[in-house]
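> Chain by chain, the residues run as shown.
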Amino acid sequence: MNARLQSMIDAARREWDESRVSGREQINVCMDTSSVARGANETLAALKTSAQRLGLKIDIGVTGTWGFCWMEPTVTVRSAAGTRTVLYANVTADRVEEFLQTTIVEQRDMAELALGVVEGNSTPEVPLLSDHPFMKGQIRRVMANIGLIDPENIDHYLANSGYEGFGKALEMDAEAIVKEMLDSGLGGRAGGGFPAGRKWDFLRNATAEPRYLVCNADEGDPGAWVNRVLMEGDPQLIIEGMLIAALAAHASIGYIYIRYEYPLCIERMQKAVNQAYDRGLLGKDVLGSGLDFELIVFKGAGSYVCGEETGLIASVDGYRGMPRIKPPFPAQAGLWNKPTNVNNVESYANAPMIMRNGAQWWTSVSTAKEKGTKMFTFSGNVNWAGCIEIPFGPTVRHALEQWAGGMRDGRPCKGFQPGGPLSGVVSGNELDLTLTLDPYRERGLFLGGGGIVFFDDTACTLDLCKYFLAFCEDESCARCTTCHGGTQRAVEIIRRIQQGGGREADIDNFEQLVRTLVWSNCFHGQFAMTTIKTALKAFRDEWDEHIIEKRCRAGVCEGLIQYVVRSQGDTALPAAKEICPTGAIVEERGTYSIDDGLCIRCGACKELAPAAIEIRDRIARRVAAGAAAGGA
Amino acid sequence: MPAEPTTQELRALVAEFEPEKGHVLPALHKVQEQYGYISRKAIEIVARQLNTTPALIYGAVSFYSDFRTHPPAATEISWCSGPACRLLGGDRIREAMQQTLELPLGGQSGDHRYGLHLGQCNGTCSEAPQVWVNGKVTGNLTVASAIRLAREVKGAE
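So the sequences go chain by chain: A and Z.
Residue numbering for the first sequence follows numbering that gives the first Met the number 0, starting at 0 and increasing by one per position.
Residue numbering for the second sequence follows numbering that gives the first Met the number 0, starting at 0 and increasing by one per position.
Rather than coming from a laboratory, the hints here were simulated on the basis of the structure.
Among the hints, a few may not be true.
[Stated by the list, open to error] Quick list of in silico lysine to any residue cross-link-like pairs, SDA-like style, CA-CA up to 20 Å:
hint: 1; chain 1: A; residue 1: K576; chain 2: Z; residue 2: K29
hint: 2; chain 1: A; residue 1: K270; chain 2: A; residue 2: Y259
hint: 3; chain 1: A; residue 1: K56; chain 2: A; residue 2: T84
hint: 4; chain 1: Z; residue 1: K29; chain 2: A; residue 2: Y259
hint: 5; chain 1: A; residue 1: K298; chain 2: Z; residue 2: L49
hint: 6; chain 1: Z; residue 1: K135; chain 2: A; residue 2: K56
hint: 7; chain 1: Z; residue 1: K135; chain 2: A; residue 2: A44
hint: 8; chain 1: Z; residue 1: K29; chain 2: Z; residue 2: Q7
hint: 9; chain 1: Z; residue 1: K135; chain 2: A; residue 2: K576
hint: 10; chain 1: Z; residue 1: K20; chain 2: Z; residue 2: Q48
hint: 11; chain 1: A; residue 1: K576; chain 2: Z; residue 2: Q97
Given the structure is predicted, the values throughout are model-derived calculations rather than measurements.
Could you build the full structure based on these sequences and the hints that come with them?
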């Protein structure tokens with residue numbers, strides 16, 4: 000091991016060990032975007048003021064997330080003797096006084112908020128955290144430190160195996176590092192699955208200088224936040240991964256491209272990069288090894304196609320982030336036309352472990368073809384919107400029940416989106432598909448970066464398609480007519496169907512778009528129609544209902560439904576009238592009615608007067624009545 | 000509202016940036032962080048500083064959703080357009096807020112007191128459906144609570 004690195008690690012470990020037996024209780028608050036959204040800033044402030052008021056001598060720190068995003072703020076309490084740590088959920092500021100009184104003053108577990116015991120003995124009221132259903136079956140490798148270390152303290156990382164992989168890589172030649180990566184079989188974690196080792200090898204064999212590394216942290220798939228969890232929870236891990244890649248590919252400059260929607264990631268990555276520079280882990284002659292590696296945190300500005308590697312490169316260059324045709328691939332002509340390697344955050348984050356423990360250890364975790372672990376986030380109509388890390392391979396059904404807490408209100412799962420607005424939709428009849436790459440590829444979809452969105456029968460298939468196609472239209476760079484014009488056309492047709500103007504030829508119109516958009520230059524256009532293509536297969540009867548019967552079974556499509564007052568005299572009707580944002584609810588001598596021309600179908604009235612207001616078919620009913628009259 | 004920055008101020012602000020170094024977005028971010036938006040004058044000055052044309056700089060400004068060419072309103076409501084929000088009534092919330100505020104997405108009131116625009120999912124999906132009021136999450140909305148929020152924002156003096 001490099002002597003300077005070894006002494007840095009030794010010092011960090013000593014400090015860490017001492018802090019763990021300080022004789023004071025240690026309270027750590029999860030501070031990430033999800034927990035801040037649920038009041039973690041207020042919790043942290045309340046802990047500090049309450050501790051002072053109660054005269055408690057405790058250490059208060061921060062960590063990344065344990066993944067229980069729907070129960071933030073989460074807080075760990077470590078005993079003064081350092082022998083027992085308990086994780087608590089929903090520790091909001093208003094509970095803090097009581098929380099400190101119980102856990103610190105009275106030295107008792109606060110069972111009603113406890114999720115589990117992280118280390119030490121469990122009790123009948125507080126079981127082990129590893130026995131919590133959300134934690135069962137998870138294997139946390141890239142997430143190993145998250146929740147335990149302060150993401151803004153490089154010494155915490157160094158004390159917990161940090162930079163050991165880089166230390167090993169420093170003793171290997173570039174070819175050997177690439178071989179280890181290839182042996183691991185690590186595939187691109189953004190969904191492509193392309194072997195990272197091969198990409199690194201392309202760059203290693205490039206002839207021009209300088210060579211660039213890019214970390215793609217433009218996690219733009221709505222409903223995916225796995226990269227955010229990594230950057231906010233353990234940013235040094237990503238820097239170490241990039242350093243290993245720099246050694247393997249002789250790269251001298253790196254960029255971490257982070258979407259502007261992730262301000263805390265940008266802040267934490269920048270702090271981490273600054274600390275790494277201060278320690279000589281970045282810059283000229285890293286740790287005296289001869290490696291020069293500059294690393295720049297680059298803030299995006301709001302563009303989904305910048306997640307496509309050539310779009311990202313154009314964006315760093317300073318142009319509109321428009322993807323271009325490949326080849327040439329970035330390994331030949333990337334940033335400033337120099338050889339460039341682009342990997343996802345989670346891909347780089349796996350490299351330190353592969354170096355530290357070897358490819359064989361790394362691959363042993365998964366029995367699937369895809370090796371290693373993968374992070375996923377779950378959202379939509381599920382009970383638990385959280386973040387997990389598991390070996391590839393469980394079924395979607397298992398994931399839904401085990402880690403997403405099942406569907407809300409016990410409703411059936413109508414379907415799911417496996418990974419972003421380009422990935423398509425899968426019917427709820429196919430929940431036995433595994434979380435591996437092939438089943439989706441075989442069906443013309445793909446498993447994306449890890450954000451899985453489940454939907455129930457309150458969702459209208461056409462409305463979902465409109466949403467995802469409108470997203471693709473909005474985010475199209477407009478280089479290709481197929482994509483730019485095609486997505487626009489698809490949205491127009493869906494809107495017309497939703498207004499009641501569906502035509503039988505519309506299915507052919509969509510199929511025509513499916514056939515032509517694949518000619519687009521980049522992934523965005525090529526996959527923009529995947530949602531409609533797969534939804535036409537999975538939910539064909541619903542399309543026919545909308546187009547032919549003019550009926551929306553979910554009661555969503557504005558032109559096909561009508562809000563009506565069904566029972567007069569309901570005491571909630573005045574409130575419903577008051578809330579209506581368009582004045583569509585009219586009252587005349589105690590009788591309420593809804594002016595259909597003014598009604599925007601927002602449903603506020605039905606929220607307040609659920610028994611008095613109902614959604615009816617607007618056209619289908621008349622068509623049916625007309626047919627009945629005609630038949631009589 | 001901050002006054003329109005002077006040429007001198009803008010030049011000093013972007014003096015550190017250089018051509019051909021990937022400084023277009025960093026320079027634009029710096030201008031917007033300082034003044035809240037990117038003015039016509041700022042586009043010309045950034046172009047000169049980076050030895051390129053205003054057309055190219057404007058091309059970047061207009062491509063990315065974060066960049067504004069007008070000052071933001073005092074209260075900016077970002078409506079989250081993500082799938083979790085959408086599945087839990089987000090689009091009906093958008094319709095109702097637009098009606099209440101009498102604004103399209105991307106619009107702001109004539110007196111610059113409030114504005115409404117489209118935001119992208121940041122993974123706080125446990126709070127869906129949500130909006131961000133000057134960056135702070137207001138989550139678990141119903142359509143009715145969103146209307147009340149919009150009325151409050153609109154009515155506040």
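> Decide, hint by hint, whether the structure agrees.
Structure-based check of each hint:
{"no.": "1", "hint": "A:K576 with Z:K29", "verdict": "violated (47 Å)"}
{"no.": "2", "hint": "A:K270 with A:Y259", "verdict": "holds (16 Å)"}
{"no.": "3", "hint": "A:K56 with A:T84", "verdict": "holds (17 Å)"}
{"no.": "4", "hint": "Z:K29 with A:Y259", "verdict": "holds (13 Å)"}
{"no.": "5", "hint": "A:K298 with Z:L49", "verdict": "holds (18 Å)"}
{"no.": "6", "hint": "Z:K135 with A:K56", "verdict": "violated (32 Å)"}
{"no.": "7", "hint": "Z:K135 with A:A44", "verdict": "holds (17 Å)"}
{"no.": "8", "hint": "Z:K29 with Z:Q7", "verdict": "holds (15 Å)"}
{"no.": "9", "hint": "Z:K135 with A:K576", "verdict": "violated (30 Å)"}
{"no.": "10", "hint": "Z:K20 with Z:Q48", "verdict": "holds (12 Å)"}
{"no.": "11", "hint": "A:K576 with Z:Q97", "verdict": "holds (18 Å)"}
Hint violations for this structure: numbers 1, 6 and 9, all remaining hints satisfied.
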